[in-house]
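Engineer: Heads up: the sequence shown begins at 2 in the working numbering, then just goes up one per residue.
Worth flagging that the hints you see were computed from the coordinates, not collected in a lab. Mixed in with the good hints, there may be bad ones.
To be verified - What follows is a set of in silico ranges between Cβ atoms, one per label pair, in the way DEER data are often shown: (1) 171 to 200: 29 to 37 angstroms; (2) 170 to 324: 17 to 25 angstroms; (3) 109 to 163: 31 to 39 angstroms.
Claimed, not checked - Once the Cα atoms are required to be at most 20 angstroms apart in a straight line, the calculated EDC-like pairs of lysine to aspartate or glutamate come out as: (4) 234 to 219; (5) 286 to 164; (6) 230 to 219.
All C-beta atoms, glycine included, are put in the ideal place defined by N, C-alpha and C.
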Amino acid sequence: MIASKDDEVRTVSNQLGSWRTKLGSSWMVGVLALLVAVFSIVAPGFLSQQNFRSTTMYASDTLLLAVSETFVILTGGIDLSVGAVLGLSGMVSSDLMQTMLMHGTNQGISMALGILAGLVVGFVVGLVNGLVITKLRVTSFIATLGTMGIATGLTFIITNGADVTNIPSAMNAIGSTYILGWFPVPFLVAVVLAVGASLVLTHTRFGVRTYAVGSNQEGTRVSGVNINKHLLKIYVISGVIAGLAGILVVARLMTGSPLEGANDELNAIAAVVIGGASLFGGRGKILGSFIGGLVIAVLVTGLVIAGVQPYWQQVAIGMVIILAVFIDQQQHRGRIY
Numbered sequence: 002m003i004a005s006k007d008d009e010v011r012t013v014s015n016q017l018g019s020w021r022t023k024l025g026s027s028w029m030v031g032v033l034a035l036l037v038a039v040f041s042i043v044a045p046g047f048l049s050q051q052n053f054r055s056t057t058m059y060a061s062d063t064l065l066l067a068v069s070e071t072f073v074i075l076t077g078g079i080d081l082s083v084g085a086v087l088g089l090s091g092m093v094s095s096d097l098m099q100t101m102l103m104h105g106t107n108q109g110i111s112m113a114l115g116i117l118a119g120l121v122v123g124f125v126v127g128l129v130n131g132l133v134i135t136k137l138r139v140t141s142f143i144a145t146l147g148t149m150g151i152a153t154g155l156t157f158i159i160t161n162g163a164d165v166t167n168i169p170s171a172m173n174a175i176g177s178t179y180i181l182g183w184f185p186v187p188f189l190v191a192v193v194l195a196v197g198a199s200l201v202l203t204h205t206r207f208g209v210r211t212y213a214v215g216s217n218q219e220g221t222r223v224s225g226v227n228i229n230k231h232l233l234k235i236y237v238i239s240g241v242i243a244g245l246a247g248i249l250v251v252a253r254l255m256t257g258s259p260l261e262g263a264n265d266e267l268n269a270i271a272a273v274v275i276g277g278a279s280l281f282g283g284r285g286k287i288l289g290s291f292i293g294g295l296v297i298a299v300l301v302t303g304l305v306i307a308g309v310q311p312y313w314q315q316v317a318i319g320m321v322i323i324l325a326v327f328i329d330q331q332q333h334r335g336r337i338y
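From just these sequences and the hints, can you work out the full model?
Structural biologist: This is the structure in structure tokens:
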């Protein structure tokens, strides 16, 4: 009788867990559709071509960082440094371009080396994060919080807090070109990267191991996977993608600003959680994170068109984050057996 009762409870619990999992994988699509419907009514011009271009351009930064954050969160970690890496990579890239142009280097070489420098910055910060976490045994939260502070400080030190404005004109073609008149290049870069990342996570051994590390790190270690080596790769990937995002921001603004990237990590984490990923690790998809990023972008641009003050925009995003984390916790509790 007791066993029967336990089996019954277990069955009901598993059914609830399954229902919550399905909810987590689809609710953000409904939220996105609802936001579009509401703003199309209350904000004239929301469905215009101009706003579509603005929304997708704004979304590109968050989408790229959401992809990088997805890799980390799937392993049960978190990367608070991605926003600061975006800012530092952009400043290093733009400052090097400006310096080379001032010394007579042609625009093509200046741009190529500047882009390379930005990616290297992302690689280095990601490597540092990985080493601190795996070798010094510092938690990902504390490790990346520290590198976030260091990267933010270096961003201001490089130019004494001044903007860099002498950018090769060829960069403008990357940041201001719209394919078919609708899709900005940075957004399409984010789409291509998201597709590639999704294929890696779903069709490669690397992806299988990433999910395994987040689901059961000790069991994965026992099975022969080098956990430290894998985590090192994960944080390097996160850093490089954040570096790419910084370069695209420079291309879009044609300016390197030390203020870029501030708090972008919060939007990225929110996008991943809204997209159905678990903060406990082992569950999540790039597609979900991508849609989560679009939810945030539509929310922000819709509120702007509706005339809502910027401060309230942050309140709205914060409420969405709380809702997303609540749903994530409910899903996690649903799998108690």
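Engineer: Decide, hint by hint, whether the structure agrees.
Structural biologist: Checked hints:
no.	hint	verdict
1	171 to 200: 29 to 37 angstroms	holds (30 angstroms)
2	170 to 324: 17 to 25 angstroms	violated (44 angstroms)
3	109 to 163: 31 to 39 angstroms	violated (26 angstroms)
4	234 to 219	holds (18 angstroms)
5	286 to 164	violated (37 angstroms)
6	230 to 219	holds (14 angstroms)
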